[in-house]
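S.K.: Take a look at the letters that make up each chain.
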Amino acid sequence: MSRTIDAVVSPTQTNTIPADISGQMLDLDEDDDLEVFSKDLTLADGNMFNASMPTSPGSMVNQCKFEEDEESDSKDIFITVDNPESHVTAIETFITYRVLTKTTRSEFDNSEYEVRRRYQDFLWLKGKLEDAHSTLIVHPLPEKFVVKGMVERFNGDFIETRRKALHKFLNRVADHPILSCSEDFKVFLSAQAWELTTYKKQGPGFLSRMGETVRAVANSVRGVKNRPEEFTAIQEYVEDFSNKIGSLDKVTQRIVKEQKEYLEELKEYGPTYTLWSGSEEELAEQLKGVAGCIERCCKETEEQVGHLSDTLVPVLHEYVLCAETLKAVLRRRDNIQAEFEAKNEALATKKVDRDALKEEIDKLEDRVEWANNALKGDWGRWQRSMRGDLKSAFLSTAEKNVDYYEKCLAVWETFLLSQRTEPSEETDRDNTP
Amino acid sequence: MMADSGPKEVAVIGNTELTSAELDNNIINTMVEIEKGTSLLRKMEISVAEAEKRTGKNTVNMQEIYTVYLIETRPVDALTEGITPDSLWRRYSEFELLRNYLLVTYPFVVVAPLPEKRAEIVWHKLSADNMDPDFVERRRVGLENFLHRVASHPVLCNDNIFYIFLTEDKDWKEMVYETGFQAKADSRLKAVNAAFRVKNPDGRFTELKHYSDELQTVLSQLLRVRARVADRLYGVYKVHGNYGRVFSEWSAIEKEMGDGLQSAGHHMDAYAASVDDILEEEEHYADQLKEYLFYTDALRAVCRKHELTQFELEMVALDLACKKQQKEELVTGTVRTFSLKGMTSKLFGQETAEQREAKLQVLEQQLKEGEEAVKEKNTETDEFVKTAWVDIERFKDQKDRDLKEALISYAVMQISMCKKGIQVWTNAKECFNKM
Chain X
54 MSRTIDAVVS PTQTNTIPAD ISGQMLDLDE DDDLEVFSKD LTLADGNMFN ASMPTSPGSM
114 VNQCKFEEDE ESDSKDIFIT VDNPESHVTA IETFITYRVL TKTTRSEFDN SEYEVRRRYQ
174 DFLWLKGKLE DAHSTLIVHP LPEKFVVKGM VERFNGDFIE TRRKALHKFL NRVADHPILS
234 CSEDFKVFLS AQAWELTTYK KQGPGFLSRM GETVRAVANS VRGVKNRPEE FTAIQEYVED
294 FSNKIGSLDK VTQRIVKEQK EYLEELKEYG PTYTLWSGSE EELAEQLKGV AGCIERCCKE
354 TEEQVGHLSD TLVPVLHEYV LCAETLKAVL RRRDNIQAEF EAKNEALATK KVDRDALKEE
414 IDKLEDRVEW ANNALKGDWG RWQRSMRGDL KSAFLSTAEK NVDYYEKCLA VWETFLLSQR
474 TEPSEETDRD NTP
Chain D
510 MMADSGPKEV AVIGNTELTS AELDNNIINT MVEIEKGTSL LRKMEISVAE AEKRTGKNTV
570 NMQEIYTVYL IETRPVDALT EGITPDSLWR RYSEFELLRN YLLVTYPFVV VAPLPEKRAE
630 IVWHKLSADN MDPDFVERRR VGLENFLHRV ASHPVLCNDN IFYIFLTEDK DWKEMVYETG
690 FQAKADSRLK AVNAAFRVKN PDGRFTELKH YSDELQTVLS QLLRVRARVA DRLYGVYKVH
750 GNYGRVFSEW SAIEKEMGDG LQSAGHHMDA YAASVDDILE EEEHYADQLK EYLFYTDALR
810 AVCRKHELTQ FELEMVALDL ACKKQQKEEL VTGTVRTFSL KGMTSKLFGQ ETAEQREAKL
870 QVLEQQLKEG EEAVKEKNTE TDEFVKTAWV DIERFKDQKD RDLKEALISY AVMQISMCKK
930 GIQVWTNAKE CFNKM
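For the protein sequence lines, the chains are X and D, in the order given. Be aware that the first sequence starts at 54, since it is given in our numbering, and climbs by one per residue. Be aware that the second sequence starts at 510, since it is given in our numbering, and climbs by one per residue.
These are computed hints drawn from the structure, not numbers from a lab. All C-beta atoms in this analysis are idealised placements derived from N, C-alpha and C, irrespective of residue type, glycine included. Treat the hints with care, since some could be wrong.
One side only, chain D facing chain X, incomplete, derived with CB under 10 angstroms [as the list claims (entries may be wrong)]:
id, residue
1, 733
2, 737
3, 741
4, 747
5, 768
6, 769
7, 771
8, 898
9, 901
10, 902
11, 903
12, 913
13, 922
14, 932
15, 937
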């Protein structure tokens, strides 16, 4: 699933994104009937960056419509992840991947970047994105370890699978109208290794993050009281979806396993016909023919299994992880609401500085609204992506299977044809007296 | 692949040679008034129509359940179309008895094998249970095939015991035993002895023995691997059935994708179900191969018989040579070989002239008898080689034809399987498109 690096495409319309994008307005396509969507970072949970440009909460009420078509037309950032390399230090061995970026976005100083990143760096980026946008749906990263059996971190297949997933992750972020404007994202793509290390050290320290987490946990324990119906519906869907996609993942992996075992037996089957042909005279040709057919079908089977492993299995697995992401997003949204509700209740009961509390509650209320809108918007977007991804994966699988059977059919039909033409039919050719 | 009842030029040639052999050699029972050389199958429709379970007491007076098979026969005649066939019931052990009788009575014939007594080489879905209806059905087909093979054999088809097996219910067993065939059966020990000690077997038979060993090995292996492949294929197809279930459940929570998923799920179910028919057809192919696997025993039996007759010839010839030498010694008075007689005569004095004369006379008689024996054995051996080789050639042609057809039918099966696969996945693809 590697995207070809096209020549940098100049977008038809220029994005009016100022050089300093922190806290900036995100301007999507001018043609589109899109509302300007501002990111007031003080209202985004967990993120300590101060907005340099305060914006009114009112403007945030308007949802941003994320039209898929517009995104692909205005694609202005192309990323590839490739070229895994092993690095050995005194302490550890790890893999880095080359991240190649080509972009026309003006907030980037250059139009091309080439950096090397390791898995940890991707994890960091994901964490930052989730912190900044807790109710946006960030595409999952491949897992740290393959839990089954040994940890084969340096196995070729594992690395390739991971590389593809990392590639997809970055491209999904790049496609996202909000996430792609993240400063962290920009730094990830453009900074040299040492620059990244320095940058990572900024930002909320470990302890303050702990405080955030504790608060979040406290709120979630309290639970949310008046969850809007639509989010309950989404949660129910996510539960079901999670089950179904988990089942599909298991079924598909089982099919791969069975198919591989079938292939193993098939590989032994053909040679027995060849062995037999050694004892026969009249039948030898035919037996060798059958052996040949079986061998060719073996090759096709191998290809088919490979396709399944490369195309369907990773996608299903991704969406298993997505389901978990969705659950987390819903939880975070609930937490935000719970925090608001808690403070709201406190207003009624506790004897505190009512003005200060009221101001805090207003902020929290805005935060809730903002979080809900973000999620609602992203939810539609996610569903479309999901449908697209899964449809395409299943389609591809079905096509490959048709192709597989067509190839095997041709093999056996050719054999049959060779059997039905009798050599003795040549005797009638001589017509001349 | 079934025994063919077409014109048999080979059979005719074979039969003119066989006639004298038949008359001289083996057959005790009377010949049926059927034209010699004509396949019985051309005169008679034979089928094993049904199978049924019976209970009864066995030889040790215990209750047992066994299966009986209905043999139907009807003369092939335009006038008798539509007339109900004659029928009788036989169980597997009676088929075995018939075959053993044929083996002993016609040792130069490669006698068709019976289907398996017990299901041996199976893949997991097929039970190894003798009572399993699928197994019983396949055995029924195998028994019918056996009868067709015998009925279309130029020699065997004329056998009276065979005819009665097909047509007369009562007392058949007694008749078979009355032929005394069991007494004629060569002992295992004799056969083994011969195999090791024969000096000049006909090279063709040695080759044939090697071939039948090779064929047995390779067919056993092939059938085993095929069964494993079938097992695996079954697994692959059946797991797809889970797609059907999950797609259906998933479609319930999806709006846009629901229809596409639902119908795709149905195709996955169809795909999973299709493997049953595919593998059942392949079982038929496996049975065809199995018949030839079992045929190798019959081939080896003919080779053994040759070894035995050759061995007996060599023994008789050796005996004759011995006697000749003895005579020579007696006449010339020289003792070239060590013998107890020689020793005793040295120790206790020479024999009288009368004694020697008497001995010579005995020897002369023995020599004459020996020479007769050798001549007889020679004829026997030659006859056997001739008649056996005719039947072996017949068998080879039959085998090549049958297996060629079997391989073609296997290819046809694979093609059918591929076509089904193309159809299912094309349909599924359409459904996915609608997602």
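S.K.: May I ask which of the numbered hints given earlier this structure violates, with the numbers listed in increasing order?
M.R.: Violated hints: 5, 7, 8, 9, 10 and 11; rest satisfied.
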